[in-house]
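Asker: Sequence:
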Amino acid sequence: VWDYFATATIPDPDQVGRLLGCLETPSPDGIWTVSALEAETGLRRGRVELLLKQLAVDGMVDRVEQGWRRTSLVWSYDADHYDSVVATRRREAEIMRRYLRGEDCLMQLLQESLDDPSAQPCGRCSACRGALPPGLPQRPDRSSVVQVTALLRGETHPLQPRKMWPGGDFGSRGRIPASLMPETGRTLIFADAPEWADDIAAFTQGSAPSEQLLSGCVGLMAEWRSSWSARPEVVVSCPAAGLRSLVDGVADHLATVGRLGREDITVRSRPPDPRLLSSAQEAVFWKANLHLDDTTADTVSGRSVLLLVDATSSLWPITMAAALLRESGSDTVLPLLLHRLP
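With my numbering, the residue at position 96 of the sequence shown is 96, and numbering never jumps.
Fair warning: there could be bad hints in the mix.
Cβ pair distances, simulated, as ranges [claimed, not checked]:
id, residue 1, residue 2, range
1, E327, L152, 33 to 39 Å
2, A178, R275, 54 to 60 Å
3, Q54, R225, 43 to 49 Å
Subject to a maximum C-alpha distance of 25 Å in a straight line, what follows is the list of computed SDA-like cross-link-like pairs (lysine to any residue) [to be verified]:
id, residue 1, residue 2
4, K287, Q160
5, K287, E103
6, K53, E94
7, K163, R326
8, K163, W75
9, K53, K287
10, K287, E24
11, K53, P342
12, K163, H81
13, K53, R275
14, K53, M96
15, K163, L50
16, K53, Y99
17, K53, D83
18, K53, W75
19, K163, E24
20, K53, V34
21, K53, T71
22, K287, R275
23, K163, T71
24, K163, L152
25, K287, S328
26, K163, R303
27, K53, G67
Quick caveat, the hints were computed from the structure, so don't treat them as lab data. By construction, the Cβ of each residue, glycine as well, lies at the ideal position given by its N, Cα and C atoms.
Put together the whole structure using the sequences plus the hints.
Answerer: Next up, the structure:
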């Protein structure tokens, strides 16, 4: 995570080259829209927008009313500058780690970070004294940890479905028809939620779901049922992130507890790193690689489906799986995402 934030805004020379090459390609009035650049370069929209803003600061592109236009300036990657930026960010991250570990005087670290030449140990903070002030425990009470963990795990995380097709390589653009959309779903674990840290570490290594994770899913279903348009009749699992032990274990448990049917969506090939794909390219992948066999299609036809997905950040596997189920005749699709990746 630290490394991501240190480097996320640093331009990638290859990506800049693709973007500028596209902008130099003839187009009506020499103007390119963000959506056209996204489709042509294969870069995600957010990345295209960031690079355009950075290039505009350097005078390489101009923002015009209809989009973006290339200037005549020649771009070169200033490696020394960006290396120094990354080094500074990593040094600042290490200062924050030292502060959290309490290895040095806390006041001195703050003063040094502000370039205060008079920085020296204060003699009063917990790092200098080697202990917290009277009345403050070194570690939280175990019962308090249990209560806070239960509270955090009980939070509701609505999962809003995608409403628009991506266009570009995918072809279709505009609003997704209501007849192909899932209902508003739920997410069990959001990003790197500390209350689920042990479970995240376990299931990302291929472990089956823990008892507390299974219990959390049952509790989520109990909270969610008040807003269902129809009670689910079939659980359909989709291992979008390849965490089959996780998604199958949860699906089997919910099917048993809820007395529901049990089916699977087949993922034909392992998905590529979504960070390397544009939104349209990822949608194309999932459309081509999700499959329902005839037995599953017959089972879900005319029924309400609980779609269980292991992990995703983009939601495209959920969008395409829901469309596949609806095309096969499912009345409603209720998506449950076990881990919403950052």
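Asker: Which earlier hints turn out false for this structure, listed by number in ascending order?
Answerer: 2, 5, 6, 8, 9, 10, 12, 14, 16, 19, 23 and 24
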